[in-house]
Amino acid sequence: MNFRRRDVLGFTIAAPVALSLSPAFAADRAEISREVLLTWHKLILELVRHTATYVPPVAARAFAYCGITAHEALAAGNSKLVSLAGQVTDLLPLPARTEGAFDEPCVLHAALQATVAELFFNTGPTGQRAMEAMGRKLGETASAGIDSAVVERSVTYGKTVAEHILAWSRADGGAVVENMGFPMDYTPGTRPQDWVPTNLIRLQQAPLLPGWANCRPFAVPSALASDPGPHPDYDEAPESVFRGFAQEVYDTGRSLTDEQKLIARFWSDDPMLTFTPAGHWIAIVLQIAERDALPVEVISSTLAKLGVAQADAFISCWATKYMYNLLRPVTYIKRHIDPAWEPLLITPPFPEYTSGHSTQSGAASTVLTSVFGEGFAFDDETHVDEGLPMRSFPSFAAAAEEAAISRLYGGIHFRFGNEKGLEQGRAVGAYAAALRTEA
Amino acid sequence: MRTVLFLAIASPALAEPVIPTFTDETVTAGFSTTYEGDWEYMVGGGVATFDCSGDGFPEVFLSGGAAPSALYLNRSTQGGALAFEKTDAVTLDAVLGAYPLDIDSDGVLDLVILRLGENRLLKGLGDCKFQDATADWGFDGGDAWSTAFAAIWEKGQTWPTLAIGNYVDRKEEAFPWGSCTDNWLHRPDGQHFAPPIPLTPSFCALSLLFTDWNNSGQPALRVSNDREYYKGGQEQMWHLEPGQPPRLYTEKDDGWKRLRIWGMGIAAADITRDGYQDYFLTSMADNKLQILKDPASGKPDFADLAFRSGITAHRPYTGGDLRPSTAWHPQFADVNNDGWLDLFIAKGNVAKMPDFAAADPNNLLLGQADGTFVEAGDRAGVASMGIARGAQVVDLNLDGMLDVVVVNRWTPAEVWRQSGDNPGAWVQVRLQQDGANRDAIGSIIEIRRGKDVERHEIASGGGHVSGSVGWLHFGLGASETADLRVIWPDGTAGDWLTLPARSFHVLDRQAGPKAWSAN
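Sequences listed follow chains A and B, in order.
Residues in the first sequence are numbered from 1 upward in steps of one, following the numbering used here.
Residues in the second sequence are numbered from 1001 upward in steps of one, following the numbering used here.
Hints may be right or wrong, so weigh each one.
To be verified - Chain A stretches covered by chain B per the calculated footprint, using a threshold of three residues with CB under 8 Å from any CB of chain B:
1) 125-136
2) 179-193
3) 249-259
4) 374-387
5) 394-402
Said to hold, decoys possible - Listed next, the in silico DSSO-like pairs over lysine-lysine satisfying Cα-Cα at most 27 Å (straight line):
6) B:LYS1231 - A:LYS334
7) A:LYS334 - B:LYS1299
8) B:LYS1231 - A:LYS137
9) B:LYS1299 - A:LYS42
10) A:LYS42 - B:LYS1352
11) B:LYS1231 - A:LYS261
12) B:LYS1155 - A:LYS261
13) B:LYS1293 - A:LYS261
14) B:LYS1352 - A:LYS159
15) A:LYS137 - B:LYS1352
16) B:LYS1252 - B:LYS1231
17) B:LYS1231 - B:LYS1129
18) A:LYS334 - B:LYS1293
In case anyone wonders, no lab produced these hints; they're calculated from the structure.
Just so you know, even glycine gets a beta-carbon here, dropped at the ideal spot from N, CA and C.
Please model the complete structure; the sequences and the hints are all you need to start from.
Right, dumping it as structure tokens:
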């Protein structure tokens, strides 16, 4: 483990003048901020799972805005932190705080509450009820014992931070998702290698979010800045390279070990049934934060950079997917190898190349390695509630590589889609890793 | 008759089916019950239809959620306009749904009431009077959010086994997900119920159905679960062998295939006429039509033929709201009496979810000879934009043409009388046997359709918290007779009967068939 404790333990809260009467008080407030941040993010994970439009690219976008909101809310009151304004695309400097004392938990809570309320405005009645309950309970926790004028000032500022971030978010091209992300009309390609629908769900006869690459990226200069280049030449000939990749998916699927099945399901991260791939990596960070008692500033800056990396990864990956528009293994295999073949996992309803999970896992692992170091071991209990056992990883890179190969085991990606996805994601992640959050 | 039916089957497959005509008689019929309430009543809203007055006409019980439930006595005349008298015979609060069932086999139907809080068993006393028998019958009503029901008489038992589906732990506020409470199996112990057996794991059931999916003679319990709330969950099926603990079908042992949907209702019928039950599962957006892939394999592996059959019903077909649909109560019935089963689906937004249709019309999908369905809800007049939940497709005025009653959230329940000139023939039968299980729940009715035999399970359960006991309706198309037989719950097959079209018959196991008339 190569955990850089100086980066973590070096943080203490930069206390607002009126409230930093004692180190113990500051520590208590920092602990409450930490609770606010972690609890909201646990709810955000559930909202992602339970909100119908929260397919993986949309989820990644929300994680980015929530992470940035938290970081900016804290950075405004902490001279050791650096705002992301001017670093991420089109984010203007946040409004300065007014005169007077502020309470950081109240600022953070109000900022997250307002941000979550807008990003998940469309969640169902249970999500609405949960957001209301969370707002009430955490609001009470944050404000207990704090002068009411300070609470009011802090809440107002927190809402100001949220509105600044939300106003920025509304113009990114990803704020409106209709028909659960599937276009009402779609003209399929006519080349033999073009993607075609892979299931019998009427809604999914068009591919998911074909215009997502037009969303404004956060840290990468453009959607195709990290494009990994074309896939192997499409070929149906029995001895062709391309056919070999399809044959590998087929052969692998027919001889899966129990461990390989477990890996495929562990990283399946299906939308509407899990936190999505991006949420899986957020959950990993939350687990590490709990295990290592990370200070709130470390958690928030990590969530911000991770969110940026994953959101950009999906934008980049989607640009690649719709540029090449490659069919899925199940289509090729049924046409040319075995009409009766079925993959272990449900094939996602969009083109194959590159693998989205691989791309965003490559990006996530790059960012997290930059924060926590090489060889940072961790346990991942994200899916224990779903009946899948904890898995342990020696490093973020190892986890990302397992996530990538899981798509081969699941029968939903060619090997090259996974490997090029990882490569693409690592390049994307480097931009997010370069963001400066500390002074 | 066989020739007639064969010709009907062989007729041009894509001819437009007969579109039935319905008249909204909600106001004139005297219906005034609304399913009210907030979050705790976002599901539920059931209808029960059954004859408690003894005149053969089905009464209607409507759940009211946070508002009172109501029993409506059927005052209609045969073939006439619908007329009901609202009573306070079953005025309860917190009711989500109800199913009629003659629990004590005294020949008078009782009511199983599903509630937010303690469920109740109401003993029928005759003349539409009821008495709470929950305690007397040793029934533990629990304190859950009960949202599904099914019943069956297990072999050797004189009292039924009741399965109750339960939903989310309603006390969980901020993190309700993953808090599905256990479904309960209430088995009999003599003339009352033993303590319930938890059906663990439970995944927030919204529909339960005992069904003999493989024609083994041993029904299993299908459970349709709402994926919104479970963790690690999926659709389920339980083995229920007499005297044995319930046992879950698994992928490893039984070949069960994982399916995760917003399961809200189950409808079963042999629409493919292969002798096996097919299952329609309601959900959000696409719905499922499950057909057993290979009966010979013995594995519960189903193909989804909803797309091919034109029955996905995934978005509104009229009204201009193109967002995905939300489907609740499904029911197969031959609404246009052409001999092919149709499908009614009650539709409505969960509440005000912006990603799903707000104006979400009910479906009436008319079955055709080629296995496909044609939407006719708007043309038939039942495409209400109310926020529908439970429903029953039932002949309320005993004219042979099925009517429709639907419970809506926040707006009054609706009832439509089928009023057009329906040229198709029909027959209606009611099963009866001495001793336990007077209404012969768990029987099979086989009806010949040309060279095919269509197999109907007579079940108590399924749908969305809505059920019926009474006349069993079969459309006959151009045929003037019906060839059918009953396979009674113990597996004994009755004789094949030829019944005249447009008639009612009580099929008494001991006394034989007897024509029935409303006069």
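**Prompt:** Which of the listed hints are not met by the structure?
**Reply:** 3, 5, 6, 9, 12, 17
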